[in-house]
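Respectively, the protein sequence lines represent chains X and H.
So for the first sequence, the working numbering puts the first residue at 1; every next one is plus one.
So for the second sequence, the working numbering puts the first residue at 1; every next one is plus one.
FYI, nobody ran anything at the bench for these hints, they're computed from the structure.
Possibly wrong hints are sitting among the right ones.
With a cut-off of at most 30 Å between alpha-carbon atoms, the simulated DSS-like pairs for lysine-lysine come out as follows [stated by the list, open to error]:
1. 249(X) x 32(H)
2. 27(X) x 243(H)
3. 27(X) x 65(X)
4. 16(X) x 65(X)
5. 68(X) x 249(X)
6. 59(X) x 16(X)
7. 243(H) x 16(X)
8. 252(H) x 65(X)
Computed list of chain H residues with no C-beta within reach of chain X, every gap over 12 Å [claimed, not checked]:
9. 47
10. 68
11. 75
12. 91
13. 93
14. 122
15. 130
16. 155
17. 159
18. 165
19. 204
20. 246
21. 247
We treat Cβ as the ideally placed atom computed from N, Cα and C, and that holds for glycine.
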Amino acid sequence: MRVDCNAFIGAYPWRKVPYTSPGEVLKALDRTEIDVAWITHLPSLFWRDPTEGNGWLYKTARNEKRFKPVPSVHPGLANWEDVLSDAANSGAPAVRCDPMYLGLDPAGGEMRVLAAACGASRLPLILAVRLEDSRQRHPNDRAGDLPAAAVRALIRSDADVRLLVTHADRGFIEEVHFGSTPDEARRLWWDICWIWGPPEDHFATLLDTVGLERFVFGTGQPLRLPENSIAKLDLLDLAREQRDAIESKNIQGLMA
Amino acid sequence: MLVDVHAHFLHARTPRADWRERNVSRLTAGAKIGISVHVASILGSWGLTSPIYFPSPRDVSAGNDALLALQREQPDAIRGYACVNPNYTAHARAEILRCLDAGMIGIKLAASRRADDPLLDPIAELARERRVPILQHIWQHRRRDWPGQEASDALELCALACRHPDVAFILAHIGGGGDWLHSLHAVTLVPNVYVDLSGSGVDGGMLEACIESVGVGRLLWGTDLTMDTGWAKLRYLETLLSKDELALVRWKNAARIFPPGAFPAD
Numbered sequence: 001m002r003v004d005c006n007a008f009i010g011a012y013p014w015r016k017v018p019y020t021s022p023g024e025v026l027k028a029l030d031r032t033e034i035d036v037a038w039i040t041h042l043p044s045l046f047w048r049d050p051t052e053g054n055g056w057l058y059k060t061a062r063n064e065k066r067f068k069p070v071p072s073v074h075p076g077l078a079n080w081e082d083v084l085s086d087a088a089n090s091g092a093p094a095v096r097c098d099p100m101y102l103g104l105d106p107a108g109g110e111m112r113v114l115a116a117a118c119g120a121s122r123l124p125l126i127l128a129v130r131l132e133d134s135r136q137r138h139p140n141d142r143a144g145d146l147p148a149a150a151v152r153a154l155i156r157s158d159a160d161v162r163l164l165v166t167h168a169d170r171g172f173i174e175e176v177h178f179g180s181t182p183d184e185a186r187r188l189w190w191d192i193c194w195i196w197g198p199p200e201d202h203f204a205t206l207l208d209t210v211g212l213e214r215f216v217f218g219t220g221q222p223l224r225l226p227e228n229s230i231a232k233l234d235l236l237d238l239a240r241e242q243r244d245a246i247e248s249k250n251i252q253g254l255m256a
Numbered sequence: 001m002l003v004d005v006h007a008h009f010l011h012a013r014t015p016r017a018d019w020r021e022r023n024v025s026r027l028t029a030g031a032k033i034g035i036s037v038h039v040a041s042i043l044g045s046w047g048l049t050s051p052i053y054f055p056s057p058r059d060v061s062a063g064n065d066a067l068l069a070l071q072r073e074q075p076d077a078i079r080g081y082a083c084v085n086p087n088y089t090a091h092a093r094a095e096i097l098r099c100l101d102a103g104m105i106g107i108k109l110a111a112s113r114r115a116d117d118p119l120l121d122p123i124a125e126l127a128r129e130r131r132v133p134i135l136q137h138i139w140q141h142r143r144r145d146w147p148g149q150e151a152s153d154a155l156e157l158c159a160l161a162c163r164h165p166d167v168a169f170i171l172a173h174i175g176g177g178g179d180w181l182h183s184l185h186a187v188t189l190v191p192n193v194y195v196d197l198s199g200s201g202v203d204g205g206m207l208e209a210c211i212e213s214v215g216v217g218r219l220l221w222g223t224d225l226t227m228d229t230g231w232a233k234l235r236y237l238e239t240l241l242s243k244d245e246l247a248l249v250r251w252k253n254a255a256r257i258f259p260p261g262a263f264p265a266d
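Please build the complete structure, drawing on both the sequences and the hints.
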């Protein structure tokens with residue numbers, strides 16, 4: 001069983017990305033033997049109201065059992081709590097909010113209230129550090145990377161919130177993990193898509209220092225090739241159960 | 001056969017205490033991926049006694065010596081680029097001759113001088129005489145100067161390549177940061193510039209754009225600092241290309257631009 005907790009559907013506004021339709025993403029899942037993908041509607045991440053893509057997302061997920069919807073939520077908009085109840089009622093495994101793309105203070109009051117509401121609703125909150133390498137972005141794509149300090153602030157802000165942070169590199173993960181108490185760190189999960197493999201071996205190092213149970217399989221597709229996350233697992237000497245944990249079992253802890 | 005045209009190794013006189021582990025990791029991962037030959041460079045002291053991208057002549061020679069030693073230790077698996085700093089013309093030319101005579105098969109230019117600078121002409125001329133390619137470090141679409149390096153972009157490399165049409169130039173790490181589409185547009189009509197697919201970037205659409213820009217005949221497979229991304233791109237190419245096309249990217253294009261006999265099956 002392989003679950004991609006970090007996938008998108010729909011066009012990216014800043015460059016041409018092929019194979020973004022539901023059917024094309026399904027083909028990529030087949031190609032890479034991914035059983036289930038947690039999907040977010042990519043275009044709406046950049047809309048003033050990102051929740052306007054959630055209806056399409058739910059409909060798409062209802063039509064394909066391999067897709068699990070991860071709706072977007074904007075805690076600065078009126079009635080944003082409805083997104084959480086809709087998500088719970090629709091079987092969404094998590095919700096996502098990328099404050100840097102929404103112009104929100106990533107550790108400000110709105111995000112803290114959202115974190116608390118997610119904690120109370122038992123819904124994990126997904127945040128991306130980035131979607132693209134900052135060196136290659138469109139000149140008008142000026143949203144900064146999510147600061148590690150914001151993740152530390154959010155995990156401290158509520159005792160029940162569980163965060164899944166995607167697209168983080170080794171330095172980011174270490175800064176947050178070792179800047180958190182063990183209890184806080186147990187409520188943080190990291191997807192593996194942006195972590196370097198050999199010869200620098202950042203991923204192997206993190207599995208040893210941070211702990212294998214904190215990592216989940218994610219790809220960032222279709223913005224990134226899903227083959228990358230599989231290749232970095234293939235380059236490790238993992239026991240079957242260790243690999244299973246990263247590919248599917250650890251995610252159950254996030255959703256527990 | 002699989003040739004990694006963009007590899008690096010470390011050595012004892014670098015800031016990295018884990019230099020041996022990193023070298024072993026590259027070779028171990030290479031064996032898993034199926035890499036037949038790592039064509040590698042060492043950039044001086046990697047910052048210990050002179051900057052990575054502005055290595056002193058002494059560090060250049062020491063780094064090349066370390067690479068030659070690795071090549072002797074692993075004669076089947078490792079080949080070398082002679083890394084030089086073009087600001088020291090006489091030393092650079094002498095170092096290239098010394099390293100090629102000792103068995104290296106190419107020249108590595110990092111970011112000590114812009115690629116279109118006339119100081120690179122005597123190096124390119126030597127590359128033509130010895131029929132070796134030049135691997136040029138590239139910042140894909142450099143919009144400003146970046147600290148620690150005098151990075152070149154594809155337009156500057158193409159200017160040099162047009163002055164030296166008989167030399168094969170390798171545009172380094174198309175996935176290594178920056179706007180790769182800018183580079184691909186620049187190199188389309190410059191037939192002696194080859195695109196090295198290495199770098200940490202695994203953007204959806206990048207490989208299709210590479211093929212559209214220069215065709216499979218000018219693509220070279222490589223890894224640079226992230227072998228997982230290299231393997232991912234290779235796996236994806238297997239779904240895009242025919243077996244014969246894939247062989248070009250895996251090694252045949254490299255065999256064409258490196259000296260005859262550089263690789264075992266050549």
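**Prompt:** What hints, given by number in increasing order, does this structure fail?
**Reply:** Violated hints: 8 and 19; rest satisfied.
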